[in-house]
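These protein sequence lines map, in sequence, to chains C and P.
FYI, the numbering for the first sequence is 0 to 375, going by numbering that gives the first Met the number 0.
FYI, the numbering for the second sequence is 0 to 582, going by numbering that gives the first Met the number 0.
Just so you know, the hints here were simulated from the structure itself, not pulled from any lab data.
Bear in mind that the values here come from a model prediction, so they are computed numbers and not experimental data.
By construction, the Cβ of each residue, glycine as well, lies at the ideal position given by its N, Cα and C atoms.
There could be a bad hint or two in this list.
Distance condition first, Cα-Cα at most 25 Å in a straight line; then the derived BS3-like pairs of lysine-lysine [to be verified]:
| id | chain 1 | residue 1 | chain 2 | residue 2 |
| --- | --- | --- | --- | --- |
| 1 | C | Lys228 | P | Lys505 |
| 2 | C | Lys364 | P | Lys80 |
| 3 | C | Lys125 | C | Lys364 |
| 4 | C | Lys373 | P | Lys80 |
| 5 | C | Lys226 | C | Lys192 |
| 6 | C | Lys226 | C | Lys188 |
| 7 | C | Lys313 | C | Lys346 |
| 8 | C | Lys349 | C | Lys145 |
| 9 | C | Lys131 | C | Lys145 |
Simulated coverage check for chain P against chain C, where a stretch passes if three residues somewhere in it have a Cβ under 8 Å from a Cβ of chain C [to be verified]:
| id | segment |
| --- | --- |
| 10 | 351-363 |
| 11 | 538-549 |
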Amino acid sequence: MSSRQKARAFFKIALIAAPLTAAVLVSATATVKADDLTPQEKALVAAAKAEGAVTVLNPQFSDSTGQLLGEAFIKRYNLGPNFKFNNLRKGTGATVAQTRQEIQAGKHTADILIVSAPGFFDEASKRGAFEKLDSGYWKNHEEGVKAAGQYSNYPYVVVPFAYTFQPVWNSSCPGMEHFSASSYADVLKPELKGKTIASDLTKSFTYDNTALSLKEAGMNLDDLWTKLKATDPLIEFRTEAKMQMIVSCQRPLDMWNLTGRVYQDVLKKPDMFKILKFGTYKEGQVMLGNQAAVIKGAPHPNAAKLFIEFLLSKPGTDIFVVGEMMYSFMKDYTPPPEAQKYLFDMKKTKMIGLKDWIAAQAKFKELRADWQSKFQ
Amino acid sequence: MSTQTLAGSASAQPATSRWRSLVTQESVATVVVSVIVAAAVILPLLVLVISSFRVLDTGGFDSTWGLDNYRTLYTDRVIPKAFVNTLIVSAGSTVLATFFGVTLAWINARTNCPGRDKLEPYNLIPFFLSPFVGAIAWHNLAGGHTGLLNSWARDFLGFHGNVLNVDNLYGVIWVTGLFFAPLVYLFVVGSLRRMDPSLEDSARTTGAGLWRTAMTVTLPLVAPGILSGAIIVFVTSAGEFGVPFKLSAPYGWQTLTTQIFSKAVGDDANINLGAAMSMALGIITIMLIWIQQRYIAPRSFTTVTGKGFRPNVIDLGRWKWAALAYNIGFILISVVLPILCLLIVSLHPVWQAEIIPADLTLHNYVRVLFWWRPDHIAAATNGIYNSFILAFAGATIAMILSLVVSYMIHRTKGMGARLLDFLCVVPVGFPGIVLAMGVLLTYIRTPIYATLWIILLGYITRFFPYGQRNISSVMLAISEELDQSSRMAGASWFTTLRRITIPLLKPGIFAGWVLLFIIFLRELSISIILYTSGTETLSVGVYYLTNYENETLTSALSMAQTVVLLICIFVFRRVAGREALTA
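Excised from the complex, chain P in its bound form (with noise of 0.2 Å):
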């Protein structure tokens, strides 16, 4: 009796201790942090998949199950039309941004230029603003009848009509095209920087000139960063909400986007047809990223060699001044003339197409900032307020994530590592509006519906993945062995990461932050489907002033969400370093 029981106790005590080594800090959050990402990421796609199968009938109350839906993305009258357009905007703007992107990153990183750095940081300010804000700048400015531009070609240069007109397809191609260029060109600037010059050299000195090297060898070189560039920028534009919204869609030309909006909690509202249409440009979204991430993102390593070199300075000669006219010219039309244009707006009591220097008034900064004042708009206050709440808590939640992902991807190996992989490249492929449809219909009979806390798990679930990014191309560069050393010393997993880690990755985390910080800030495609009375945004609340009250008041709203995302790049720029972001 007594030795089966200790026999048994013996076989007993091998089993605890295979439990116990399972049960570690590591596995534990591993286990959690899956879970939280998976259910974060998977449910919302999951009940957007199988609302879209649900067919609403015409009292709007109930449903059954169908392929209605996915019919009428193709007999509507709209629908079709808007996912044509899309396409036109998406590619329009990828061919826009990529020329702009391209251009600016070889002169910023391979000629000679004059001040190209000190250009660089103002080349990638429009990353950080609003590109909703830069849409309703760019109508003010060049919109057909009430744009400034056309009224001074009128006034001053005696042009009859219009010369500009921004206000279609094109308006938007143009917008998205400047604001999204950064992408391409951050893509770009890093693979042209890390270049063996001696690729280069070797078609110099067999004949070749400045234009058929960069042709037949530069080009070819960088083809993988403008690849991806080029798609990253494709997707983003087909998931933009703000700017065809602003300057299409009253116009005439529907994207899908604003078609979605419209089903999801628009004028138009069929939530299910909503979710089907979100998950057609979600299908090819995803696939899109999933080709980048693939195919392309692998072999944009493959110019950097172990050789330390810097890379050739191209000599312009003449030219350099045509390139800085160029570089100055581009800042000048993304950056400083919309926000003229705005700040010109936002003084007048009423915008009547033309600068009325007797109506000029501080009034309207007055009704969108000063909550304490009774003709206070409450849309824009607290707009500002939860914007700044969101940022704040969103980027810090997201960064404390995207530590723990980032560790799991890349101390842990096997098949949760992949996966968490995988998941981390899923938001990135739906977007903001998309996820936000998922978001609504998941959480609805939740109690965090109509609080800030489904706009937070919107906003972190959506750019996650751009703080993990961030880490883990910080934490590729530190050995595993500073970690395996500290737990060999009998550090726990947790001292390891407190201890050694993290302070190894405080630049990374510190510049994912700032940068989520400036994303939450200006965020629209998630929230203007999730807010509600008491939970609007800062773009929110341009858009509410856009559509409830007119363009004086939503100019001067963009107005303070721009200078408050300028100060953010100031500071990013100042913590970060330049590196930061091209890294």
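Looking at chain C on its own, in the form it has when it is part of the complex (with noise of 0.2 Å):
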């Protein structure tokens, strides 16, 4: 493709993706009257103000999310110019050994975790760690989460969004030019050798849980880490890594990334959309359901409940969802129009899951040895 045509290129998806995102952002950022607040909201409001700050510990929300996450929370509560918004990015792992660590000791940086990591909100709770929250929006999710089998534990653990593992390539890669992936069996073909990437089991509880969902759906994952062995796959685990990996044709085919990570790449260069694909599995899509709690003896729990609030309101999930391309379980929720086409439609596809997230925890042992027997 030629310069110009790319410029041209570039243009059109500019002028496409502008208005709609700069749609999105005014309608989430803008204050809101008093009266369009919950009761809960209101309450808080004053004693958030006070405490002047918020720390978000977890391992999603990029730093341009974070910023239009923490500027439309100011803002929508008015919560003033001084009021500092912190969004602390750590792997899925590190944000719950980072909060149990702070749990035992007694001492707090971050006022939110939020990470799907059902096992360690349940342990948590019984021991008292969260604070207790007064929603006036949960009811709106309450019902998405429990119909998806989602863990949740409300009034200490909400689950404010969720997001899916899904074959991620590139298709300007040589050899990849009519891939395309419908099903593990494709990713999974024997010519893909020295094109795939592992996904590291031994550190994340989302790539965890979703072989284990896999598992209770019937798939033989023995059969499913053989077959990915003989791929000769390089072994990773945060999707942003593995997203350069398939960017630069190092490994061109992720089994397991996110299509956030491909929206955040074609933000960078929009000539990424055309070469750059993503796929849904006809096995079944494993959604993990990120759980968000204040933790007890944070600095700043007003502002955290209050931005957990946000969190579940619709502007905050806007903002998350063209972010990240998260779902969100709020009922009636349609995703703003530049999401959609990295989105798909949960009702039209074929969703699985743990029928208990929290005994899962107990098998992770078990399964990332079985994990490590085929790949260390």
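Join these two chains into a complex; the hints should help.
What follows is the structure in structure tokens.
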């Protein structure tokens, strides 16, 4: 493609995306009238303002999403220019490890923990590690969360969003021009040798839960690992790092990545939308609910509770749905138009999950050992 | 009655004056500094030992006493392999660094290689740069599929597949060997310059050729220097985190440091198992450092005599041009190529393993440097700011501590001095990541947790011996009589220190300060364990971008760090002079 064509393509995408993104941001960041807030929100605003800051520990929000969430949060509740929003991003295991250490030590640096780790949230809830929430919005989500079989533990633990791992590939890499994936058989073909990535199960609860969900749905994991191993994959953990491998053709196919990462690369270079592809698995998509809770003893508990309310509200939801291509369980929720091409319709896609997310944690050790016996 | 009182007061007075004579400025300073150093060094290691015997349950909240962590060290699928990989990397890096270090030192100190004086500062540059950034650069230069050199070899030379691949253990050895070669160089070049030429002359006059003289006389004489350098490289390589994190861990080759990181604060966290692994690594490294200090280091002075002399300069004939090409080649692969690669990658919005001129942009620099812009990346901009604070404060505090400690060691006698000397060796022997684990476990319940103070404490504990050695080398050259004359003339200990000792030590203090400033600016192993939101450092920023963003942003911040370090190296050379490091 010539540079003129590239520029034209860029402007086309920019012309479509810019007004849509602007519309979402304007609606999301607009200061709302006090009457539009729930009583729970109103009750928290003054105390949150007095606390002056909130720190969210999570593995998900990119810097740009964190920035947008912070700005919109401050604006919506009129928290003032001095209010500080901190988005601390670490890996899934690392967020849990840090929180657990801090709970044990009684020293807290983060106010909110958001991560997909049902076993941890259950154990910590039993130990009284979380603040009690009083949410005006949870009722809009509860039914969807339960219907999707996700773990929640209101009034301590809520689920503002979920994500699912999908096959993502780079169609511009040698040998990938005609590739397409709609089943696990597609991504495990022997001819993909040297083109694949294996997600490191030893470092992530969400990969573990995805694998266990597939097993519960009847997939033979031993066969899956054997076939994947036969493609001589690189082992990597973070979806961002795997995405870099896909973009550079180091490994053009990842069995489990996120469409949000595709979107983030398209934002950096719009042409990427034409070459980065993703699919859904006909065997079923494992939806991984991300739990959120306010840590007891946190330095800014009211601001934290208010931020959870914001995440459960539609304006907050719109921001992370667009920024990270997450799924919301909010009743009658329709994602903003620019997000729709990255998200599948949950009603039209086969969804699978675990019967017991808590008990799953006890199976991690065996699962990881099996995986390690193949890959490490 | 009155007699008794008088007698009583008479006996009390000598006792009081005895106490007063014990409680002097000097003794108070000795005790305070000893306690600070002991607490800083011993406490984290003690906590590490205790933690290694606590076994976490599956929930991760409760623990019991037991040996399970140590059992896991050899029953786990990954840890024993990580141990073996660490030994392979350390041995390989040592061989490579020793080869580069010794040959370059010999070319610069003993041959008529053209421009050797001008080349020497460039040979030392890798020592000051971040090996982690070097690994990032080499990944983009010679990574399988994605390396620029591979791409050029395919496009311009018609090669198929990948000519080079540094994404494995050999890549770790390559980058670590290149970056640690100056360490061996520094240990050897001094011995070569100070060598008595009469020893070589004797060999030559009895008929030995250049090669035989080099192997039978020169090499044995500099062997202690080579061995010292090799041991330091082995230990430093074993404790290196950034290079294996970038080049080998993602491709299935774990090392002990990547595993310790993973267990400490990473994604497979079991801090007590991490403590047990730290103990295993720490015991190996401290043993090697002890051997170096006890047996090898003292021997390295045996070639120095009281005679004034200049070492022989060997005429290489036509080979001097080969020596020049070799030296320039080293500078190219260790400094120029990696920096050039970082620059190229950093100018792209996404890195597709090829230069796309239409894509070139400076936007990545805007995001990692311009903190006032709404789209800046906080981990990067915070990192730059925090690193400068830590480097400035850390270097200053460490040098004050080093000064007092050096004074205690070299100007006071007895057990206290020997104990302090030993305490100064311990942190050098423990890799940064191990010490940081101890610091984290020790101070997690204190107010310094999650502040810059805990990182500062980690930095100072780990690196103040570097400053102390710098001051000691100058202090040993200054006669004690100057201090004694001042004290005899009635000056207090503090006045003597302020008006006599410090002015004489100024060059050593300033060189040490700049050296520590540079080390702190590029430090990763300690910061990565101890940082949290708002306390990121420059290297943590690079780590963050590697993990959570992409190669182009990572390269932009890496470039920024490299430019800052190059400026510091320039300053260091200007203020410390040529001999500061080799001393």
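Each hint tested on the structure:
no. : hint                : result
1   : C/Lys228 / P/Lys505 : violated (61 Å)
2   : C/Lys364 / P/Lys80  : holds (19 Å)
3   : C/Lys125 / C/Lys364 : holds (22 Å)
4   : C/Lys373 / P/Lys80  : holds (15 Å)
5   : C/Lys226 / C/Lys192 : holds (10 Å)
6   : C/Lys226 / C/Lys188 : holds (8 Å)
7   : C/Lys313 / C/Lys346 : holds (20 Å)
8   : C/Lys349 / C/Lys145 : holds (16 Å)
9   : C/Lys131 / C/Lys145 : holds (20 Å)
10  : 351-363             : holds (count 4)
11  : 538-549             : holds (count 6)
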